[in-house]
Amino acid sequence: RRILTYAQIEARLEAFEYGQNDQSNKPPTVRPKHLTNNHIPGSASQKLLLFQMLPIIFHDVINRLIDLLPIYTCLREIVSIVSATRIRKSWLPYLTSVTISFHSLMIDKLPDNITAKVHFITHYPELIKRNGPPRNYWCQRFEGKHLSFKKLAIRSSNFKNVSFTLAKRHQLRLGLLLSYEKFYHLIDQTISTKSIKSSQLPI
Numbered sequence: 037r038r039i040l041t042y043a044q045i046e047a048r049l050e051a052f053e054y055g056q057n058d059q060s061n062k063p064p065t066v067r068p069k070h071l072t073n074n075h076i077p078g079s080a081s082q083k084l085l086l087f088q089m090l091p092i093i094f095h096d097v098i099n100r101l102i103d104l105l106p107i108y109t110c111l112r113e114i115v116s117i118v119s120a121t122r123i124r125k126s127w128l129p130y131l132t133s134v135t136i137s138f139h140s141l142m143i144d145k146l147p148d149n150i151t152a153k154v155h156f157i158t159h160y161p162e163l164i165k166r167n168g169p170p171r172n173y174w175c176q177r178f179e180g181k182h183l184s185f186k187k188l189a190i191r192s193s194n195f196k197n198v199s200f201t202l203a204k205r206h207q208l209r210l211g212l213l214l215s216y217e218k219f220y221h222l223i224d225q226t227i228s229t230k231s232i233k234s235s236q237l238p239i
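Just so it is clear: in the sequence shown, position 89 is 125 by the numbering used here, and no numbers are missing.
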């Protein structure tokens, strides 16, 4: 059964006003083609923000998704624990229970949408027990760094020696940042009529 049309979903996502702290991770527009292809655009941070805001954006219809709401609830619990900077050992049995519930619900309710990552989630409690919070060894920071290189490679339009171009531009930007007296406490600088942080200057 259809609760909302693709156009209504797109309109709600576009009209939703994110808070000041979330503006930098505001997700891109989700078009009907993305929904039909089961592909949500955006970076990991943008998708995480959208995932967290879904109950607020669709607050009036979320309770009508009786069959799928438990899947979201379990995944929300898993994300909350896994993303924590500190995880108590007493939380691990609960995390194990939630991951098993999530895995079972996915098999029962959405068997066609199961990927390898759904299975990987069941190993999180053991990984946390051995290595500590996943936040300490996740790859999101590396992906964020790689994203800036990808953007620079596209903007530079130089395909003869891409690695040299990227390395040189990176070192020039790093030299600029290190030239500030208070590198770890960069203040806002006014350029033209727009106030931006020094760390947000183009590479």
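Simulated from the structure, these hints should not be mistaken for lab results. On a predicted model such as this, the values are computed, not experimentally measured, just so you know. Among the hints, erroneous ones may be present.
Pair ranges (Cβ atoms, derived) [unchecked claim]: (1) 150 <-> 191: 35 to 43 Å; (2) 175 <-> 133: 24 to 32 Å; (3) 178 <-> 133: 49 to 57 Å; (4) 233 <-> 162: 39 to 47 Å; (5) 87 <-> 41: 40 to 48 Å; (6) 215 <-> 64: 32 to 40 Å; (7) 158 <-> 178: 19 to 27 Å; (8) 112 <-> 41: 21 to 29 Å; (9) 139 <-> 167: 15 to 23 Å.
Backbone N, C-alpha and C fix where the C-beta goes; we use that ideal spot for every residue, glycine too.
Results of checking the hints against the structure:
1. 150 <-> 191: 35 to 43 Å: Check passed, 38 Å falls within 35 to 43 Å.
2. 175 <-> 133: 24 to 32 Å: 27 Å, holds
3. 178 <-> 133: 49 to 57 Å: 31 Å, violated
4. 233 <-> 162: 39 to 47 Å: With Cβ atoms ~40 Å apart, the hint holds.
5. 87 <-> 41: 40 to 48 Å: 22 Å, violated
6. 215 <-> 64: 32 to 40 Å: This hint holds: roughly 34 Å between Cβ atoms.
7. 158 <-> 178: 19 to 27 Å: 25 Å, holds
8. 112 <-> 41: 21 to 29 Å: With a Cβ separation near 25 Å, residue 112 and residue 41 satisfy 21 to 29 Å, so the hint holds.
9. 139 <-> 167: 15 to 23 Å: 21 Å, holds
The structure shown violates the earlier hints numbered 3 and 5.
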